[in-house]
Amino acid sequence: MNVKMKSLLVAAGLLFTTMVNGQTVQQGLAQLDGDQPTKAKATMTAVVTASPTAENMYYLGYAQVRTGDLAGAKATFEKGLAAEPKQPLNSVGLATLMLADKNAQGAKAAFDKILLDTKMKNAEVMFRIAEAYTLYEHTNDPGEAVRLIDLITEKTKKPLTADMNIVKGDAYLLKNDGGPAATAYEQSILVNKTAKAYIRLGVVYLRGKNYQFTVNNYQSAYETDSSFAPYYKRMGEYYIIFNRYKQASALFRKYVDRAEATPPVLLETAKLIFLAKDYESALEFTQKAEAGGATDNDVFRMKGYSNIELGKCQDGIDNLEKMVKAGVKPYFLDNVYFAKGYQCLKQDSLAITYYEKAAPLDTNNNHNATMYNIAYGQKKYAKAVDYATKSMDWKGKKKQALTSTDWYNAAMAQYFVTAYTPREDTLGRYNQGLKADSMYAKAIGINEKFAPFHLYRARTNSYVDYTGTKWLAVPHYEKFLTVVDMAKANKDQLYESYKYLAGYHINVTKDLVKAQEYVDKAVAIKTDDPDGLKVMLNPASATPATPAPAVKTPAPKTPKK
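Under mature numbering (1 follows the signal peptide of the UniProt record, and there is no 0), the residues of the sequence shown are numbered -22 to -1, 1 to 539, in order.
Just so you know, these hints were derived from the structure itself, not from any lab. Don't take every hint at face value.
Heads up, simulated DSS-like pairs for lysine-lysine below, C-alpha to C-alpha not over 30 Å straight-line [to be verified]:
id	residue 1	residue 2
1	Lys335	Lys249
2	Lys335	Lys80
3	Lys307	Lys249
4	Lys427	Lys324
5	Lys413	Lys307
6	Lys171	Lys80
7	Lys80	Lys97
8	Lys133	Lys171
9	Lys377	Lys324
10	Lys171	Lys91
11	Lys153	Lys135
12	Lys427	Lys335
13	Lys80	Lys99
14	Lys136	Lys64
15	Lys86	Lys64
Quick list of the computed label-pair ranges, beta carbon to beta carbon [to be verified]:
id	residue 1	residue 2	range
16	Leu380	Asp128	26 to 34 Å
17	Asp274	Gly84	40 to 48 Å
18	Gly270	Arg44	24 to 32 Å
Note that beta-carbon positions come from the ideal geometry of N, C-alpha and C, so glycine has one too.
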């Protein structure tokens, strides 16, 4: 074989190897982007086994960095650097590990030296340094990342690749600069339509609450590569925004089917499904993740919340207690779930304690309304009034209209405060009754057709009229009788109203015709005339030994609300 032919064969072989390895490296990178970390590392390991070059070792180390295997990455980068000291990518990898170790100053010095040594002529080196500056929350430098990406074309005379534009977009997104980020992702799509770029662009629009453009780009990602796992995760997160929890949960399950079901991915999926309010499945995925060795302190919180939502309240409380003991940073919803758990366990006083802690911090939920219900059920009426008032204050701050029920709740609790004020404390009972009367008036001002408003306002005024001489309840009993549905009305409440109005006309107006009308209606309900209304109307017919009964306010009973 002549020398020229041998050289051509060698060159062709090298080209073939590079192409195969290049495709394989790209496959590994695609697996990383598709949330298939173990497959990605296996692919990169196979590349190194087939061709143990320093460059291939860098990509194996890069896969280890992306999957959190920092010790393995360090060993790989060092091996690559020893094999070929002049190949700069492994030095980039080692400097990237400094960023992971929160050594930003050391990493910058190392990166700057690499850029100086390569004279900014190596596009891949510049790209990977720029990307490194976007990887870690505590040591990122998005401005430097953008600067380096912009210098690639100027210094190397090479156009930006699709991935370079994505990193530029990521850097702008770290700066909360949505416009330039969107432009960078769009440039990436112009170079190469990838599901990854479409998803990134959708995220930008989601942050800007441009939901139609979000869905459009997510759909383009699906059409580009329906196997791309992050599509299903992002689309599920989108559905959560609009409370479409069932669809979100289904998408998260599809995500884990297409991503690699490693314990960390299972744990992340458990958290996503938890956010989708699929608590049964969240516990299922959490159990699988824990069985594989993946766990974190959020697991206690997630298991605590989920069990409480499923009615397994003691299990929920136990996990929340473990969370506290583990020193997990507290969150106001922890108090909400402690409260829900204890309320479920009928330990209402403990529930109130936790609701009171949560209420000032939770701007999305009116816990005062819940505390009102608990206190009212406990017959702690003064506390119930306080919670009802705070509940209305909360709604006012949220610019929500108060309803007749809001005022009625407060009025009912205040009514019982009035009723249980000792009779001897005539001024106290009077003042408490006036408060209740005012609250009923507010409820009636919103809805005058609800009969119980008028009935309890009448009863309240009976307490305010502690001498029994002013007949303050008359207009309210009269109104009650005009709005109540007679076919469905409570007979005792009708009797109470007729008896009071009969007494009024007998004792005050002396309108015996009107009085007779009310007496007849009352006696039609209670034919044995237990209160002697007939005698009150016609004293001459009474047996001498039988005194005429007084009109009494009915004893207070907590109504069903």
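Okay, the hints, checked on the actual structure:
1. Lys335 x Lys249: Roughly 25 Å between the alpha carbons, so the hint for lysine 335 and lysine 249 holds.
2. Lys335 x Lys80: Given pair lysine 335, lysine 80 is violated - Cα atoms ~36 Å apart, limit 30 Å.
3. Lys307 x Lys249: holds, 17 Å
4. Lys427 x Lys324: violated, 36 Å
5. Lys413 x Lys307: violated, 43 Å
6. Lys171 x Lys80: It is violated: about 35 Å lies between the C-alpha atoms, which goes past 30 Å.
7. Lys80 x Lys97: Answer holds: lysine 80 to lysine 97 is near 27 Å, not above 30 Å.
8. Lys133 x Lys171: holds, 26 Å
9. Lys377 x Lys324: violated, 33 Å
10. Lys171 x Lys91: Given pair lysine 171, lysine 91 is violated - Cα atoms ~35 Å apart, limit 30 Å.
11. Lys153 x Lys135: Since the Cα atoms of lysine 153 and lysine 135 sit roughly 27 Å apart, the hinted pair holds (cutoff 30 Å).
12. Lys427 x Lys335: violated, 38 Å
13. Lys80 x Lys99: holds, 28 Å
14. Lys136 x Lys64: Judged against 30 Å, a Cα distance of about 22 Å means the pair holds.
15. Lys86 x Lys64: Since the Cα atoms of lysine 86 and lysine 64 sit roughly 19 Å apart, the hinted pair holds (cutoff 30 Å).
16. Leu380 x Asp128: 26 to 34 Å: violated, 57 Å
17. Asp274 x Gly84: 40 to 48 Å: Cβ of aspartate 274 to Cβ of glycine 84: about 28 Å, so the range 40 to 48 Å is violated.
18. Gly270 x Arg44: 24 to 32 Å: Roughly 19 Å apart at Cβ, these two residues miss the hinted range, so it is violated.
Checked against the numbered hints given earlier, this structure breaks hints 2, 4, 5, 6, 9, 10, 12, 16, 17 and 18; the rest are met.
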